Every structure is written in C-alpha cells, then in structure tokens.
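Peer 1: Spelled out, the chains give:
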Amino acid sequence: MKKIAQLSKEEIIHIAKLATLPLSDKEVEKYQKQLGETINYVENLGEVDTKNIKATSSTANLTSVYFEDGVKSERTFTPREALANIKNKKDTYFVVKRIL
Amino acid sequence: MSIFGKSITELKTFIDKKEISPTEVFDYFLKRSKKYDGELNTYITIDEKAVGGEGALGGIPLGIKDIFCTKGLRTTAASKVLNNFIPQYESTVTTRLKNAGASVLGKNNMDAWAHGASTETSDYMLTKNPWDKTRYPGGSSGGTAAAVSAYLVPGGLGTDTGGSIRHPAAWCGIVGLKPTYGRVSRYGVIAMGSSFDCPGTMTLTVEDTALLLKTIAGPDPFDATSSPQEVPDYPAEIKKKKKYKIGIAKEYFKGVDEEIKNKVIEAIAILKKIGHEVKEVSLLSHQYSISIYTIAQRAEVSSNLARYDGIRFGNGREAFGEEAKRRIMLGTYTLSYGYYDAFYKMAQKVRTLVIENFKKVLSDVDLIVGPNTPLTALKIGEFEKYPFFGELMDQLNEPASVAGLPAISIPVGLDKKNLPIGMQIIGNYFDESSILNAAFQFEKETDFFGVIKKGIKNYE
Chain A
1 MKKIAQLSKE EIIHIAKLAT LPLSDKEVEK YQKQLGETIN YVENLGEVDT
51 KNIKATSSTA NLTSVYFEDG VKSERTFTPR EALANIKNKK DTYFVVKRIL
Chain B
101 MSIFGKSITE LKTFIDKKEI SPTEVFDYFL KRSKKYDGEL NTYITIDEKA
151 VGGEGALGGI PLGIKDIFCT KGLRTTAASK VLNNFIPQYE STVTTRLKNA
201 GASVLGKNNM DAWAHGASTE TSDYMLTKNP WDKTRYPGGS SGGTAAAVSA
251 YLVPGGLGTD TGGSIRHPAA WCGIVGLKPT YGRVSRYGVI AMGSSFDCPG
301 TMTLTVEDTA LLLKTIAGPD PFDATSSPQE VPDYPAEIKK KKKYKIGIAK
351 EYFKGVDEEI KNKVIEAIAI LKKIGHEVKE VSLLSHQYSI SIYTIAQRAE
401 VSSNLARYDG IRFGNGREAF GEEAKRRIML GTYTLSYGYY DAFYKMAQKV
451 RTLVIENFKK VLSDVDLIVG PNTPLTALKI GEFEKYPFFG ELMDQLNEPA
501 SVAGLPAISI PVGLDKKNLP IGMQIIGNYF DESSILNAAF QFEKETDFFG
551 VIKKGIKNYE
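In order, the protein sequences belong to chains A and B. Read in the numbering used here, the first sequence has 24 at position 24, and its numbers run on one by one without any break. Read in the numbering used here, the second sequence has 343 at position 243, and its numbers run on one by one without any break.
If you're looking for bench data, these hints aren't it; they were derived computationally from the structure. Since we're looking at a predicted model, the values are computed, not measured. Check each hint, because a few of them may be wrong.
Claimed, not checked - One side only, chain B facing chain A, incomplete, derived with CB under 8 angstroms:
1) V331
2) N404
3) F420
4) T432
5) A503
We put the beta carbon where it would ideally sit given N, CA and C, even for glycine.
So here's chain A without its partners, still in its complex pose (with noise of 0.2 angstroms):
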C-alpha cells in the first residue's frame, strides 16, 4: 500500500465537499487528525502479498441474477405514498433548489 502522508486540512474540506457534508472549523480539524490516525491503522493491508489475488466483489457467490419480465405494481408507490414523507413539496412534486 503507498505510504499516505498526513491529510492537509484543504483534502479535508475537499472530502467534506464531495460528500456534501456541512463541516464546522472544528469539525475539520477533529477529522483531520482522526481520518489520518484511522488510515495509519489499516496500513498493516500493505504487508500482505496481493499479487494476482483477485478482489472480491460479493461474498454471497451469485452471478447473473434477474428479475423476472413482466411489469409488477406491488412495489409502486401512489403518489401519496411517494409524497408521504417530504417537507417540501407544491401539488405532487418535490420542490429542490434550483440548480441553473
């Protein structure tokens, strides 16, 4: 594994941007020493020899799973349904920020 230096407060606020998370100043600083203690930790994955071991993807050892054809209406909400948990919406629509 390559060797991670110690994460800049900038990657910080990189990170919490990526992941839209509202950080406070002190927040970024409480992460910044615990993401860089937590990544020290699973540096231990580098003394292990990887090469041409192959990454898994699931442990349940299922390929190719379908779902059936045919149109099912067990799982659609009504638009009641759908609007049942929102804080925000007019008619039958959810109201978002505008983006443009």
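On the provided structure of chain A, position chain B as indicated by the hints.
Peer 2: Below, chain B alone, put in the same frame as chain A:
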C-alpha cells in the same frame, strides 16, 4: 399460568393449547416494556396496538431494531435525519414475521445507522445494560439485546454488519445469530455496509433462534443478493444427534481478557466431553479483517448515506451525527480519485485471502469456536478511553463478517463483575444448522450456566 421467563417456543405451545390468548401475551409484554423501559431505554417507538395474528409465531410480540422499515410505523435508524420518517413499505423480514402471526411490539434503540458497538451513538437515548445499568449494552443492536435480556420481549431482530448482533448478545447474556450473508433478505433494512449487512435473531434459547430463522430466511425477489439455497427445517435440524470436528484458532485468544479466555476454554472442554472432536487450527490475524472492514464498510456507508438529502424524505445532511459524518468522510476519501486502488481495491483483495483462509480451514473442521468479545461490558463513558472503540470490541466478530460466514454468540458464564461472557461459534456458508445444533447441545448440557435465567430474574 405464569408467562414470566417463557421462551417463544413455550409461549407458542400455551397459545396453541388456548391456555393463554395472544392478547394476554401482548398485554403482558407491553406492560413489562412500559414498566422497565424508563430505566433501560430500549425502545425508540412502542406500538400499543400491534397484537399478532395466527401462524407459526401466532401471538408472539417481538422487539425489532429500528433499522427495519415497518409500514406506517416510524423508523429512524436512531438518527435525527429520519426523525419523522414513516415508511410506506414493509421490510421482507418483518413481513415474513407478521405473516407468521408475530407482532412488532416496538422499535428498539441502536447506534445511529448501526454505527458503533455501544448504542451510545443513538441520537435519541443511551440504552443501559440490564445486568449493570452503569454499563453499555454493546451494539449496535443494543436496544433489542437489552429488551430481550430483561424479558421486555421474548425475542427480537437485529442486524449484524461487523458484530452488531453477536456483540450486544454477548454483553447482555443472550443468544445472538448472524446468518450467512444472503441467507436473510436485506430488503427494507436501512442499508449500512451492503456487502456485510445481515438481519438476524436475538433470543433466550437456541430453539427460538431456529424457529425465528426458519421464518425469516430464504430467497427474496426484492433482494438480488438473497440466496436461492433451500432453507432447512432448523427446529428439526437442531435435535439431530451430531458430532462435529471443532477448530480452535489461538489467534482469536490474543488480547482477550483472562476471565473470558478461561470460561471459553472451559466451554470447549464441555464440547469435547459431550463427544465433539477439538483440534487447533490457524486463521489469519483478525487485525487484517479489522482493516478490511474499516475500509470497505466506510466506503459502503458513504455510498449508502449519500441518498439522505432531505428532499424526498427525512431531514438534510446537517442532521447527521458525529460518527456518521466521520464514516462518510473516511469512505468518501478512500473512494476518491487517486486513492481507490490504495485502499478499497487493496482491502477487497485481502478480503479474498481471508475468505480463502476460512474456506481452507472449514474444509477440515465443521465449526470454529472462540471468544466473542475481548472484554465484558464496559462502563458508560469508557468509550473515550479506547480510540477505535467499535473495531476493537468487534475484532473477533469482523472476520466472519468480512467472509460472509454465519456465527452465533452464546453465554458461557459470568465474570467476577457478574457480567455475561459470550462464546462465538462460526460455521461454513449456509450451514447455520451445524452452528445451531452444536449450540443446542451445549445449551442442553449446561443451560448456559443459568446466565440467561439469571438475567431475566433481575427483572421479575
């Protein structure tokens, strides 16, 4: 006839013989739940009208971790993000329980989003360990574990991603089973680490575990990772006379408290005495599994929690608590450009080696037995003393989670502080039958040294 202390299987017999009615049973547990929940904090929501119907579990009320979507009944995952969330559909597992006549008496407290091993990351309350109210119940399914241990319900469901059923089961002195990954459907379970998450059972007896597992297991068209493997008749399987070859890995005794070590060694001697063959095996250090788990699980958390944007349901991302934020941050980092190969892919490669190692060992032995937790229940506040707390407490549970193997925790005694000690039995893929059979033999021989009965007795 007294209901107190009866197992699900026993209650079912009384209900079938019409000695008690489902309503009497429900009212009994509702009353107990209300009486003791003030001091134990095991429920986020209680449903007072949830009397069960007819069927294999007809009239049995259960405590369900608040991570299973229940139609029309608030489901929070113990996070303020979902404070007012009313699911519009039911999880497959709770559907199956209700179809069998069981009812959901309440939704149990847990670590928020199932992140933790103490139940204290809940945004709602701190669940107390019924054995000592100054201590943690363990987690993340700590609310269900405490409720079952104090007999507020005769059994319940949790989820286990890296030990979240087995760990609190050990700390609260009950039986907790994490089935094989894919044995039980994840549909309608609020997702945490999707390649690890396993719904499972928390009960007072192995027979009850067998009964509940039989009800909830089996393929589900709504979960593409649920396995088409046939589901055995577990209550019948556990009664077959079987002798097993049991592996003991010395790696799993490293860093474990002496009292726990000794009790587990005594329990292994009992397994030998009742006719099982015991031999030493060697497993990869659990340190690797902790690292794999830390990377892969955080990555899956960051992806799963990305859907909570407050637009269609729930509150916005500012409502996430500290632990969830920490995990999202780490997961986002390890999946971000330039780091994916170094972390995520590397972890999944070592995961392959852990799986191969288990497969090799389990081609020689039927079961692997060892301690379930390195320590017994810690005092509330001691979390702070252990950086990396969750991972350390789950170090003996995470290997089976990483490999997707089934494992159970059963009580094997008490330590000097009068706290329960759990022993873990890991089995081969989809071989819950052997785990339950061996655990049942152990229960018949020892009655778990009276631990479960003693736990209930504290709340008579």
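Peer 1: If any of the earlier hints don't hold here, list their numbers in rising order.
Peer 2: Hint check: 1, 2 fail, others pass.
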